[in-house]
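Undergrad: If you read the protein sequences in the order shown, they are chains A and B.
Each residue of the first sequence is one higher than the one before, counting from 1 in this note's numbering.
Each residue of the second sequence is one higher than the one before, counting from 1 in this note's numbering.
In short, the hints are calculated from the structure, not lab data.
Quick reminder that beta carbons are idealized off the backbone N, C-alpha and C, glycines included.
Take these hints with a grain of salt, some might be off.
Stated by the list, open to error - Cut-off 25 Å, straight-line C-alpha distance, at most; resulting in silico cross-link-like pairs (PhoX-like, lysine-lysine):
(1) LYS179/B <-> LYS63/A
(2) LYS31/B <-> LYS63/A
(3) LYS45/B <-> LYS63/A
(4) LYS63/A <-> LYS176/B
(5) LYS61/B <-> LYS27/B
(6) LYS47/B <-> LYS63/A
(7) LYS274/B <-> LYS190/B
(8) LYS61/B <-> LYS63/A
(9) LYS274/B <-> LYS63/A
(10) LYS45/B <-> LYS31/B
(11) LYS63/A <-> LYS27/B
Unchecked claim - If you only want the chain B side, here are some residues facing chain A, beta carbon under 7 Å, derived:
(12) LEU28
(13) ASN172
(14) SER174
(15) VAL175
(16) ALA212
(17) PRO215
(18) ARG218
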Amino acid sequence: MKKAKSHSNEGQTIDELTLLELCHFCDADEAWVIELIQHGVVEPHGSGLAEYSFGQISVLRAKKARRLERDLGINMPGIALALDLLEERDHLRRLLGRYGMAS
Amino acid sequence: MDYKNYYKSLGVDRTATQDEIKRAYRKLARKYHPDVNSDEDADAKFKEAGEAFAVLGDVEKRAAYDGLGAEPQGGGQGFRPPPNWEQNYQFSDPPHGAGGPDDAAFSDFFENMFRSGSRSEGFSSRMQTAGQDQHARVTLDIGDAFRGTSRVLTMRVPEMDDAGRIVLKDRNISVKIPKGVHEGQHIRLKGKGAAGIGGGPAGDLFLEVAFAAHPTYRIDGRDIHVDLPVTPWEAALGGKVAMPTPGGEVGITIPKNARTGQKLRLKGRGLPGKRPGDLYAVLKIVNPPVTSDEGRALYEQMAKEISFDPRKSMGS
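Please build the complete structure, drawing on both the sequences and the hints.
TA: So this is what it looks like as structure tokens:
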């Protein structure tokens with residue numbers, strides 16, 4: 001008996017997704033992910049569409065991009081800017097937390 | 001079901017124009033979007049605004065909602081719709097189909113009053129469709145990342161009832177979270193998303209990991225930062241002290257003449273995983289209250305024998 005059966009509720013961490021898997025994950029098409037790449041929202045490893053793989057940070061950024069687009073109607077350059085600024089904000093907040101000044 | 005005051009949710013008057021409603025919604029959506037605002041209640045406020053706008057932002061639905069009158073006295077618990085409500089109003093919005101997790105999460109009030117009808121059309125029981133993937137967020141304690149944990153999640157999922165209609169059902173899913181996860185990582189549970197239709201395969205459930213704030217430990221990616229209090233003599237003399245960490249107690253060597261704010265790195269003692277993070281201990285010298293004559297005598301001796309002016313670099 002393979003253990004996959006008995007541990008069907010066991011979560012698997014996602015380390016990398018292929019282009020196709022990322023499309024599926026975001027419920028989006030290839031053209032949309034390519035636009036993400038062109039705007040630097042995600043950075044694939046590998047060269048060429050067939051070899052692309054996306055690490056955890058790209059997966060998270062792609063998902064956020066999808067939600068920001070859907071929920072707030074932001075276009076791609078706006079998404080790229082928002083994600084960069086949010087990341088910078090979170091970094092500064094962590095620094096503040098380190099000095100006991102978290103808001 | 002409980003009455004929902006949608007005007008209050010958006011913070012507008014009942015007389016607000018459609019433009020004002022749209023503006024109020026957009027402002028709240030930006031403020032409380034879960035990717036923008038990490039407060040615990042932001043997600044709930046974002047959904048509340050979304051639900052309110054789904055009704056008030058639509059002229060037909062707003063008219064129907066206004067027809068219910070103002071919020072009933074006493075908070076609107078146990079609200080009952082007026083008789084023949086369903087016959088009076090037919091909403092012309094597109095059917096929601098299998099619905100994403102977001103529109104599945106609206107209140108009973110919304111589902112009963114403004115969704116009825118639109119979910120019951122269009123699906124033949126012969127049709128075979130794969131279930132939708134679902135996304136959710138799970139908040140863990142730091143210790144869970146070291147040991148792994150299990151959780152029971154309640155998901156509202158669309159399912160097909162015997163009459164072939166799509167209905168929303170609460171489903172409890174128990175989930176095992178492996179150890180070694182970190183903030184922002186995704187966990188896949190194969191086949192635990194929405195059920196397939198007509199024998200189609202179920203979708204997957206994806207969980208995004210977040211950590212609850214901890215009073216002692218601060219997490220930065222895979223690394224953990226912690227303030228390590230030391231006594232003045234531990235700082236001066238150096239030596240090994242025992243430090244509690246989320247992964248268990250470890251010994252850490254304090255260098256001689258250590259300073260407050262000095263950072264010590266314990267490699268590989270951060271969050272576990274294939275590439276474990278590091279633990280950074282930031283020294284904080286804590287002096288004890290001196291209450292005994294002996295203690296006072298020791299400090300007096302130091303004052304006499306150690307020449308030190310901590311204010312030397314300050315301007316006059």
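Undergrad: Please go over all the hints and tell whether each is borne out by the structure.
TA: Do the hints match the structure? See the list:
Between LYS179/B and LYS63/A, the direct Cα distance comes to roughly 23 Å. Compliance with the 25 Å bound is thereby established for this hinted pair. A C-alpha spacing of about 19 Å is found between LYS31/B and LYS63/A, which places the hinted pair at or below 25 Å, so the restraint holds. Between LYS45/B and LYS63/A the alpha-carbon distance is near 20 Å, which keeps this suggested pair within the 25 Å criterion. Proximity of LYS63/A to LYS176/B is assessed by CA-CA distance (about 23 Å); at most 25 Å being required, the pair is judged to hold.
Between LYS61/B and LYS27/B the CA atoms are separated by roughly 21 Å; this keeps the pair inside 25 Å, and the hint holds. Restraint check for LYS47/B and LYS63/A: satisfied, since their Cα atoms lie roughly 18 Å apart, inside the 25 Å limit. Distance restraint check for LYS274/B and LYS190/B: the Cα-Cα separation of roughly 22 Å lies within the 25 Å cut-off, and the hinted pair is therefore satisfied. For the suggested pair LYS61/B and LYS63/A, the alpha carbons sit about 31 Å apart, so the restraint of at most 25 Å is broken.
Taking the CA atoms of LYS274/B and LYS63/A, the gap is near 24 Å; set against the 25 Å cutoff, the hint holds. The straight-line distance between the Cα atoms of LYS45/B and LYS31/B is roughly 9 Å, inside the 25 Å bound, and the hint therefore holds. Of the pairs offered as hints, the one joining LYS63/A and LYS27/B holds, with about 22 Å between alpha carbons and a cut-off of 25 Å not exceeded. The criterion of a C-beta within 7 Å of any C-beta in chain A is not met by LEU28/B, whose closest approach is roughly 11 Å, and the hint is violated.
Checking ASN172/B against chain A by beta carbon gives a least distance of about 11 Å; that is not within 7 Å, so the hint is violated. Using the Cβ-Cβ criterion of 7 Å, the hint placing SER174/B at the interface with chain A is satisfied: the shortest such distance is roughly 6 Å. The restraint placing VAL175/B at the interface with chain A holds, with a minimum CB-CB distance near 6 Å, inside the 7 Å limit. Among the interface hints, the one on ALA212/B is violated; its C-beta lies about 14 Å from the nearest C-beta in chain A, farther than the 7 Å criterion.
Hint status for PRO215/B relative to chain A: violated, with the closest Cβ pair at about 11 Å, above 7 Å. Nearest Cβ of chain A to the Cβ of ARG218/B: about 5 Å, under the 7 Å cut. The hint holds.
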